[in-house]
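There are 2 protein chains.
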Amino acid sequence: MRAEIITIGDELLIGQVVDTNSAWMAQRLNEVGISLHQITSVHDNREHILTVLDEAFSRADIVLTTGGLGPTKDDITKHVMCEFFGTQLVEDSFVRAHIHELYKDRPDALNRLTATQWLVPESATILPNRVGSAPIMVFDEFKVERLKFKVNETSEAVTSDSQLSTFNIQPPKLLVALPGVPHEMKIAMKEQVLPYLSLKFKGDSLKPGDIVHRTILLSGIPESKLAILIEGWENALPSYIHLAYLPKDGIIRLRLSSYGEATEEELQAYIDALLPLINDYLLATEDISLEALVGRLLKQQNKTIATAESCTGGRLAATLNTQSGSSAYYMGSVVAYDNSIKEHVLGVQRDTLMQYGAVSEQTVREMAEGVRALMHTDFAIATSGIAGPTGGTPDKPVGTVWIAWATPNGTEARCFHFGAAREREQITQRAVTEAIVHLIKLLNTNH
Amino acid sequence: MRAEIITIGDELLIGQVVDTNSAWMAQRLNEVGISLHQITSVHDNREHILTVLDEAFSRADIVLTTGGLGPTKDDITKHVMCEFFGTQLVEDSFVRAHIHELYKDRPDALNRLTATQWLVPESATILPNRVGSAPIMVFDEFKVERLKFKVNETSEAVTSDSQLSTFNIQPPKLLVALPGVPHEMKIAMKEQVLPYLSLKFKGDSLKPGDIVHRTILLSGIPESKLAILIEGWENALPSYIHLAYLPKDGIIRLRLSSYGEATEEELQAYIDALLPLINDYLLATEDISLEALVGRLLKQQNKTIATAESCTGGRLAATLNTQSGSSAYYMGSVVAYDNSIKEHVLGVQRDTLMQYGAVSEQTVREMAEGVRALMHTDFAIATSGIAGPTGGTPDKPVGTVWIAWATPNGTEARCFHFGAAREREQITQRAVTEAIVHLIKLLNTNH
Chain U
0 MRAEIITIGD
10 ELLIGQVVDT
20 NSAWMAQRLN
30 EVGISLHQIT
40 SVHDNREHIL
50 TVLDEAFSRA
60 DIVLTTGGLG
70 PTKDDITKHV
80 MCEFFGTQLV
90 EDSFVRAHIH
100 ELYKDRPDAL
110 NRLTATQWLV
120 PESATILPNR
130 VGSAPIMVFD
140 EFKVERLKFK
150 VNETSEAVTS
160 DSQLSTFNIQ
170 PPKLLVALPG
180 VPHEMKIAMK
190 EQVLPYLSLK
200 FKGDSLKPGD
210 IVHRTILLSG
220 IPESKLAILI
230 EGWENALPSY
240 IHLAYLPKDG
250 IIRLRLSSYG
260 EATEEELQAY
270 IDALLPLIND
280 YLLATEDISL
290 EALVGRLLKQ
300 QNKTIATAES
310 CTGGRLAATL
320 NTQSGSSAYY
330 MGSVVAYDNS
340 IKEHVLGVQR
350 DTLMQYGAVS
360 EQTVREMAEG
370 VRALMHTDFA
380 IATSGIAGPT
390 GGTPDKPVGT
400 VWIAWATPNG
410 TEARCFHFGA
420 AREREQITQR
430 AVTEAIVHLI
440 KLLNTNH
Chain D
0 MRAEIITIGD
10 ELLIGQVVDT
20 NSAWMAQRLN
30 EVGISLHQIT
40 SVHDNREHIL
50 TVLDEAFSRA
60 DIVLTTGGLG
70 PTKDDITKHV
80 MCEFFGTQLV
90 EDSFVRAHIH
100 ELYKDRPDAL
110 NRLTATQWLV
120 PESATILPNR
130 VGSAPIMVFD
140 EFKVERLKFK
150 VNETSEAVTS
160 DSQLSTFNIQ
170 PPKLLVALPG
180 VPHEMKIAMK
190 EQVLPYLSLK
200 FKGDSLKPGD
210 IVHRTILLSG
220 IPESKLAILI
230 EGWENALPSY
240 IHLAYLPKDG
250 IIRLRLSSYG
260 EATEEELQAY
270 IDALLPLIND
280 YLLATEDISL
290 EALVGRLLKQ
300 QNKTIATAES
310 CTGGRLAATL
320 NTQSGSSAYY
330 MGSVVAYDNS
340 IKEHVLGVQR
350 DTLMQYGAVS
360 EQTVREMAEG
370 VRALMHTDFA
380 IATSGIAGPT
390 GGTPDKPVGT
400 VWIAWATPNG
410 TEARCFHFGA
420 AREREQITQR
430 AVTEAIVHLI
440 KLLNTNH
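So the protein sequences, as listed, match chains U and D. Mapping the first sequence onto numbering that gives the first Met the number 0, position 104 (from 1) lands on 103, and the numbers just tick up by one. Mapping the second sequence onto numbering that gives the first Met the number 0, position 185 (from 1) lands on 184, and the numbers just tick up by one.
Pulled out of the complex, with its shape left as it was, chain U reads as follows (with noise of 0.2 angstroms):
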């Protein structure tokens, strides 16, 4: 099964919003054992809607919407829906119930405007949006015949004649239209559509497990130099296992994917014959966050940490604490921006502060003692540096960052330069990434 996903919206096209729902998005379909082929984000423009519905439906069976089914002016994907598929709304009166439900202690939200989001496309199935008003639309099993919308009847051209006067659809292709808003598009995917999919797809042509992907963490390698030390394992995958380089912030992910060819187990005798080649590099054989794995090794190990942030500004907390559960090892942060919270909060000594200055290893250093200390934790890490992009000196440009790990054998520290050219925000993610990555080699180690 092929789906494309098709955002629309102004603000993605403007740059006001990143889409961050179709990444979730194909990462969910692939699990059911659906391939994303193409996403194609365009304007809330009737004619260009029209259009790439029209093209997505040449090369996939099903196709998601996201985004422009609000109440207000500006959206027109339902309209355009149901002129794409020759129909017209008619008011829900589940929907209608539902929105008064959900609206019972907001009553400035339930007004006339609210009241269009129970107009449904009279063709389509309808799908609970259970912490929304837009509904979901799903449009499937229609008939040919209701396919009315044809370039000749509408009052404006479109682009090109040619591209809509074939009709692509026939079942079992199928469009889902979403909102939006990530919070209602996922709970709708993960609640209704999902499961609306591989229950009607069913020993068909929808197999889960069909895709599969394998990925594998290393750090402390150039991605071409790890090309070619494992050339000959490269040399050696099927055509049908297909190897990709994701290299970000000094972590290069290394994937295998194979689409319906190869079977998991099969992946992972490549995975095995490869672990002895990248040993000194290796920092977890799955495609899990840094700051998951930290957490599940602080867990099985029993350890607790605490942080001492300067120049991450509370940013290695935060990404520590993404993870549910966070509080069994995570103890606490002192984000010392200003130097007194450094010395009076985590007992730096006024001598090092002014013999040294705030970005040096003995700050960061007594920093890292100084939490541990304070929250009576197993580990600490302290950052220290100039984030930029103000700041810099000659002696310390822009992107200077000391890092010091607290143990309990000793504390060790180590000076990273990011680079002046980086943005503030790429050299706080840079030292969080470090910073993490050496606390993952430590517990490894100590292991």
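These aren't lab readings, by the way, just hints derived from the structure by calculation. Treat the hints loosely; a few may be bogus.
As the list claims (entries may be wrong) - With a cut-off of at most 30 angstroms between alpha-carbon atoms, the simulated DSSO-like pairs for lysine-lysine come out as follows:
| # | chain 1 | residue 1 | chain 2 | residue 2 |
| --- | --- | --- | --- | --- |
| 1 | D | K72 | D | K247 |
| 2 | U | K247 | D | K72 |
| 3 | D | K395 | U | K298 |
| 4 | U | K224 | D | K72 |
Said to hold, decoys possible - Sample of chain U residues with no beta-carbon within 12 angstroms of chain D, all distances over it, derived:
| # | residue |
| --- | --- |
| 5 | E10 |
| 6 | S122 |
| 7 | D271 |
| 8 | P407 |
| 9 | A420 |
| 10 | K440 |
To be verified - Facing chain D, a subset of chain U residues (Cβ under 8 angstroms, in silico):
| # | residue |
| --- | --- |
| 11 | Q15 |
| 12 | P70 |
| 13 | I229 |
| 14 | G324 |
| 15 | S332 |
| 16 | E342 |
| 17 | G346 |
| 18 | R421 |
Note that this is a predicted model, so its numbers are computed, not measured. Glycine included, each C-beta is placed from N, C-alpha and C at the ideal position.
With chain U fixed as given, assemble chain D onto it according to the hints.
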């Protein structure tokens, strides 16, 4: 001028990577007067890339691609470009010298795979990639006879013969191929590509300021109620000014856009007419992040702030510290996951924790006041709640968050219910948003 972006990479279509490049590029293109018509994401697949290149040129003047320029086997963009533009790879001595300079301290990154990076398409103009090895390629002013790519000359069939049988590309249409690594793409866009485009099309069809967006930030009103409130104003807008509603996390961004037909002054006049209607809900009259806005207010009023975080786990601190120069007003944070930290570092009374629990008005007030005293700041914000997915009780379900704001005029606290259906990440994000929104209101009132 109309542009399209094509993002290339399997990782985008399997959801392993979120495409953040396109939104950033869209903003920059709009700034110089180039509108973005469509974003298309495709696999590292020769036929698919060839097809979407041809389609994009049928609609756009400028096509920008990202991704697929690495030295490893899975990256095929450069080869596909050669095929599309009927050219071949040749060695570029400047790129070669640049890469040697780039890796002079990293000899292990200089190897025979890296050497493939200084092979570039003969007909392309090469712009330097200051921070990476992948050259930026511009296919520009190319002659039509150079475009040897025809469906009959390729060995494999492509999706549709008719789609590729016409050449959609005539000067001054052009293509820019950029690396997918965000850091490299951004520097190349800022330093090379945008100046190149501006110079090339100067005085021609490209007019910076042609595309105008004006955004207003509001909070505390449902989208539908807002739309009814401003209905008269909205209906009086001329057809060439587009209005969009962007609700997210309790904030509504109301955006007016014009593509070459209205001046900045004309938009401003409509904004001026709008403001009296929405005064009660207004946060800002520009598209600014909440953290930038609160930072500016704190700096203007010469006030300082500290934070004490439980459920937000450092995210509030990290959000405030994304702003350059935040050290002028941001003193620090105590992330107090563990109750003993709340007690011993923040000075929350043991009795309070025992009697009311960590997620309570009493605790969060003492946390805010404690960190305000500890860090000697004017304001302090504290959070304590159940971010989930575990830890909820019938009394305090997942999504319950107490927030307190300690100010020179006393302390306020409020309880929020963000809903058990939301994910951990969404609950902490909502809490951070509400914490900052209320501080903005306090700062606006105080003044």
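Hints that the structure is at odds with (numbers, increasing): Checked against the structure, the hints that fail are numbers 1, 5, 9, 13, 16, 17, while the rest are satisfied.
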